[in-house]
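In the order they appear, the protein sequences are chains X and E. For the first sequence, the numbering used here gives the first residue as 1, with consecutive numbering after it. For the second sequence, the numbering used here gives the first residue as 1, with consecutive numbering after it.
Don't read these hints as lab results, they were simulated from the structure. Treat the hints loosely; a few may be bogus.
As a list, the in silico EDC-like pairs of lysine to aspartate or glutamate whose alpha-carbon atoms are at most 16 Å apart [as the list claims (entries may be wrong)]:
1) X:Lys306 x E:Glu37
2) X:Lys663 x X:Asp647
3) X:Lys270 x E:Glu37
4) X:Lys180 x X:Asp205
5) X:Lys270 x E:Asp46
6) X:Lys569 x X:Asp586
7) X:Lys563 x X:Asp586
8) X:Lys270 x E:Asp6
9) X:Lys569 x X:Asp587
10) X:Lys40 x X:Glu8
11) X:Lys180 x X:Glu147
12) X:Lys569 x X:Glu559
13) X:Lys643 x X:Asp673
14) X:Lys306 x X:Asp290
15) X:Lys270 x E:Asp19
Coverage of chain X stretches by chain E, computed from C-beta distances (three or more under 8 Å per stretch; other residues unrestricted) [claimed, not checked]:
16) 95 to 102
17) 551 to 559
18) 684 to 694
Model, not experiment: these values are computed from the prediction. Beta carbons are placed, not taken as given, at the ideal position from N, Cα and C, and that holds for glycine.
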Amino acid sequence: MGTLQHTELASMSYEIPELDKGYAGQTLKVDLGSAAFEIKPVTQDMKETFTGGKGFDLWLLWNAVRGETKWNDPENAVCISSGPMGGTPIYPGSGKSIVTSISPLTGSVMDSNVGGYFGPYLKFAGFDALEVSGKADGGNVLFVDGETGSIQLLHMDGLPEESYALSEALTEHFGGKDRKKVSVVSAGPGAKNTFFGCLNFSYYDGKRRQTRNKQAGRGGIGTVFEDKGLKALVVKCTSFSVDSNNPADKDALKACAKAHTRNIVELDPKQNQMSQGGTTFITMIMNDHDLLPTHNFRYGQHPEAKNLGAEVFRRLFDPGFDGCWYGCSVACAHGVKGFVPNTGPYRGRQVFVDGPEYETIAGVGSNTGIFDPYTVLEINFYCDIYGIDTISFGTATAFAMDCFDSGVIGLQQTGGLDLSFGNRWSVLTLLHQMAAGEGFGAVVGRGVRHMKELFVREYGADAKFLQDIGMESKGLEFSEYMTKESLAQQGGYGLALKGPQHDEAWLIFLDQVHNLMPTFEQKSENLHWFPMIRTWFGLCGLCKLPWNDIVPADNSETEEPAKVIGHMKLYAEYFSSVTGRQVTPDDLVLISEKVYNFQRLFNLKMGYGRRAQDQIPYRAMGPATVLEYESRQDRYDQELSDKYGLDASGMDTRAKLTALREKREEQYEKLTDAVYARRGWTPDGIPTLTTVKRLGIDYPDVVELLAAHGVTE
Amino acid sequence: MITVDDQELEWFEGMTVTDLLERIGHQGPCAVVRVNETHVSRPRFDETPVPDGAEVYLIPMIAGG
Chain X
1 MGTLQHTELA SMSYEIPELD KGYAGQTLKV DLGSAAFEIK PVTQDMKETF TGGKGFDLWL
61 LWNAVRGETK WNDPENAVCI SSGPMGGTPI YPGSGKSIVT SISPLTGSVM DSNVGGYFGP
121 YLKFAGFDAL EVSGKADGGN VLFVDGETGS IQLLHMDGLP EESYALSEAL TEHFGGKDRK
181 KVSVVSAGPG AKNTFFGCLN FSYYDGKRRQ TRNKQAGRGG IGTVFEDKGL KALVVKCTSF
241 SVDSNNPADK DALKACAKAH TRNIVELDPK QNQMSQGGTT FITMIMNDHD LLPTHNFRYG
301 QHPEAKNLGA EVFRRLFDPG FDGCWYGCSV ACAHGVKGFV PNTGPYRGRQ VFVDGPEYET
361 IAGVGSNTGI FDPYTVLEIN FYCDIYGIDT ISFGTATAFA MDCFDSGVIG LQQTGGLDLS
421 FGNRWSVLTL LHQMAAGEGF GAVVGRGVRH MKELFVREYG ADAKFLQDIG MESKGLEFSE
481 YMTKESLAQQ GGYGLALKGP QHDEAWLIFL DQVHNLMPTF EQKSENLHWF PMIRTWFGLC
541 GLCKLPWNDI VPADNSETEE PAKVIGHMKL YAEYFSSVTG RQVTPDDLVL ISEKVYNFQR
601 LFNLKMGYGR RAQDQIPYRA MGPATVLEYE SRQDRYDQEL SDKYGLDASG MDTRAKLTAL
661 REKREEQYEK LTDAVYARRG WTPDGIPTLT TVKRLGIDYP DVVELLAAHG VTE
Chain E
1 MITVDDQELE WFEGMTVTDL LERIGHQGPC AVVRVNETHV SRPRFDETPV PDGAEVYLIP
61 MIAGG
């Protein structure tokens, strides 16, 4: 251990268990308020019903909180878990962790997935999940030492404020010469002073001899972390191998891992080239299809978008084969070496920037009207080290800029900041203000929903207009895809459990570009299957990129190419070989349905989870302003005449806007009906008792919850 | 000569991505084509030339994100 000064608040020793078929068989609960530890067994029912990862997190959180619990109450917990396949060092994308908590943005349960080493290392140290509740005075560091079987809660002074530097310092302190064995979770000052704080999960980059970080960005879990007085979570593990998970059938595991790895290695260089450019290739594809959010989701295209394309960032990235977990052949975790910020505490100093990925480029770049890649890098860097989610930062800032552009707010409200779209200096100032909890940055840092309420209450803004252009649902800011022309993706966002994040369903191309699901039945079927299968990855400790961002060479010849069934078969073999539960690809849907519906019920428990919460702002459905309508007038006029039989020739733009809106809102409601029916939910969006029983999640408190909402069948 | 998904195809002067897809009789979804190091989206298939010697791969891009 290094020389950083610390005071031990509590400690305990434990016996490190042998893992069995992907499970350590126990979870660790830490109460910061009483400085107490508790080791709890993982039951067979937990494994069969919740599988692991997000499922375990949800179960622990469900039992930790009441329906009245607020995000900053001591009983709220930050839960972290990987999953039974998490930590497999030979299968691509097997190092994910899922974090859950009650969100400051939504007031309900939030989940966020992240790479880095923490979740797998935690399991190898002996725990399938970690649950941290209670509150401390600040500066607390939890250290789980999987080499010696000891847990310490420490108070440490003098640690760096910013997350990157903190990860580096703690990795050195606890790792010594074995820094690869350490992973750190931390947030930062921006997480403390906004509602959309993120968590950085570290991993040690041996080639560059520095810690790297991946972000659990969505929903403000970093804010909860800071509010608890946590400075960092640190785990250290021993050496590990493919045997560490003690898989049920190692030969079968090796076979499917080899087959999937071969596909990635052979096909990624031919397809998306993520090992060279990460997800940056998406930017120009989105722009060409009118799907890249620009100027607060007004439009989907911009002539300067090429400045943010893959060709630019591939030149900036430090070359290397950069995976965020061992054995991942996708290797998409790129970064920029020697970047020199123009502003803030690191002004003029060379830094390493982890990223950017597509979401950051679109969020802090095109959506705010910034098309300078170096500014995107600078915002990316400061968001990360301050512990701020780049997606919510981008969408919330874009909303503030839209309000500035529309005259809803002016220089008086922004404290003199000119928030015109594209003003990079103002955006950077706003970001530094957020980290300090000062100025107009502190206002934007509370999120779009808070800004809408404030601007109406304090500045007399038109509530209906702000509802139309404020890109949030359930309190969470939209991630960075335009959905105006894809009804299915409107559902993909609006009907998602935690809010508008694309990790549940990304159906834009299937729907809008290829028109492969023209009917409500087809859309609803896909809004069942895709969210379920995507949920499954989060239960197992897996990244979904190897599934369908790289597809087998013969994929187009399969019956349903979108499902990439060739890879789904490998995943079923992977699950079977590790856990010993023999499954088919269809079984994976059922595995996920249990957890998916449980999360919906969790929302209900917290006072949400009904149809009223599944609404989305109109700008996600269609043109919210005359300007937007007229920018794509031919498209909209044609829809009015061809699809709805309306003669638009005698109508002015405002009348056409109203007519189109009526039709599109009607479509969204019909889609909602169809999806609820397919998922086995009531017309109000609540899982029926029949559904709950079919899935085996009819626990007494669940049945009681349903009955309290009049659901008895 | 060019290659399309590792198969050789005769090239002609002025060939565009649209020409290429017609020439190979491509059926089914194809939103993006990679021509050498550049990803070309469907709205640009008509206007994008394919140079002689190009290495081309078809990318369905149907369920990413």
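Consistency of the hints with the structure:
Pair hint Lys306 of chain X plus Glu37 of chain E holds up; C-alpha atoms about 15 Å apart against a cutoff of 16 Å. Among the hinted pairs, Lys663 of chain X with Asp647 of chain X is consistent with the structure: their alpha-carbon atoms are about 14 Å apart, no more than 16 Å. Restraint check: the Cα-Cα separation between Lys270 of chain X and Glu37 of chain E comes to about 9 Å, which is no more than 16 Å; the hinted pair holds. Taking the CA atoms of Lys180 of chain X and Asp205 of chain X, the gap is about 8 Å. The hint holds against a cut of 16 Å.
Distance hint between Lys270 of chain X and Asp46 of chain E is unfulfilled; the C-alpha atoms sit about 22 Å from each other, more than 16 Å. Simply put, Lys569 of chain X and Asp586 of chain X have alpha-carbon atoms about 10 Å apart, close enough for the 16 Å limit, and the pair holds. About 11 Å separates the Cα atoms of Lys563 of chain X and Asp586 of chain X, which keeps this hinted pair within 16 Å; it holds. Simply put, Lys270 of chain X and Asp6 of chain E have alpha-carbon atoms about 9 Å apart, close enough for the 16 Å limit, and the pair holds.
A hinted pair counts as satisfied when its Cα atoms are at most 16 Å apart, and Lys569 of chain X with Asp587 of chain X qualifies at roughly 11 Å. For the hint pairing Lys40 of chain X with Glu8 of chain X, the CA-to-CA distance comes to about 23 Å; that exceeds 16 Å, so the pair is violated. Pair hint Lys180 of chain X plus Glu147 of chain X holds up; C-alpha atoms about 13 Å apart against a cutoff of 16 Å. With a C-alpha separation of about 14 Å, the suggested pairing of Lys569 of chain X with Glu559 of chain X holds against the 16 Å cut-off.
Pair hint Lys643 of chain X plus Asp673 of chain X does not hold up; C-alpha atoms about 21 Å apart against a cutoff of 16 Å. The suggested pairing of Lys306 of chain X with Asp290 of chain X holds, with an alpha-carbon distance near 13 Å, which does not exceed 16 Å. Simply put, Lys270 of chain X and Asp19 of chain E have alpha-carbon atoms about 21 Å apart, too far for the 16 Å limit, and the pair is violated. For the region 95 to 102 of chain X, the assignment as covered by chain E is violated, since 0 residues bring a beta-carbon within under 8 Å of that chain's beta-carbons and 3 are needed.
Check result for the region 551 to 559 of chain X against chain E: holds, 4 residues qualifying (beta carbon to beta carbon below 8 Å, three or more required). Judged by the Cβ-Cβ criterion of 8 Å, the region 684 to 694 of chain X is not covered by chain E as claimed, because only 0 of its residues qualify and three are needed.
Hint compliance for this structure: hints 5, 10, 13, 15, 16, 18 are broken, all remaining hints hold.
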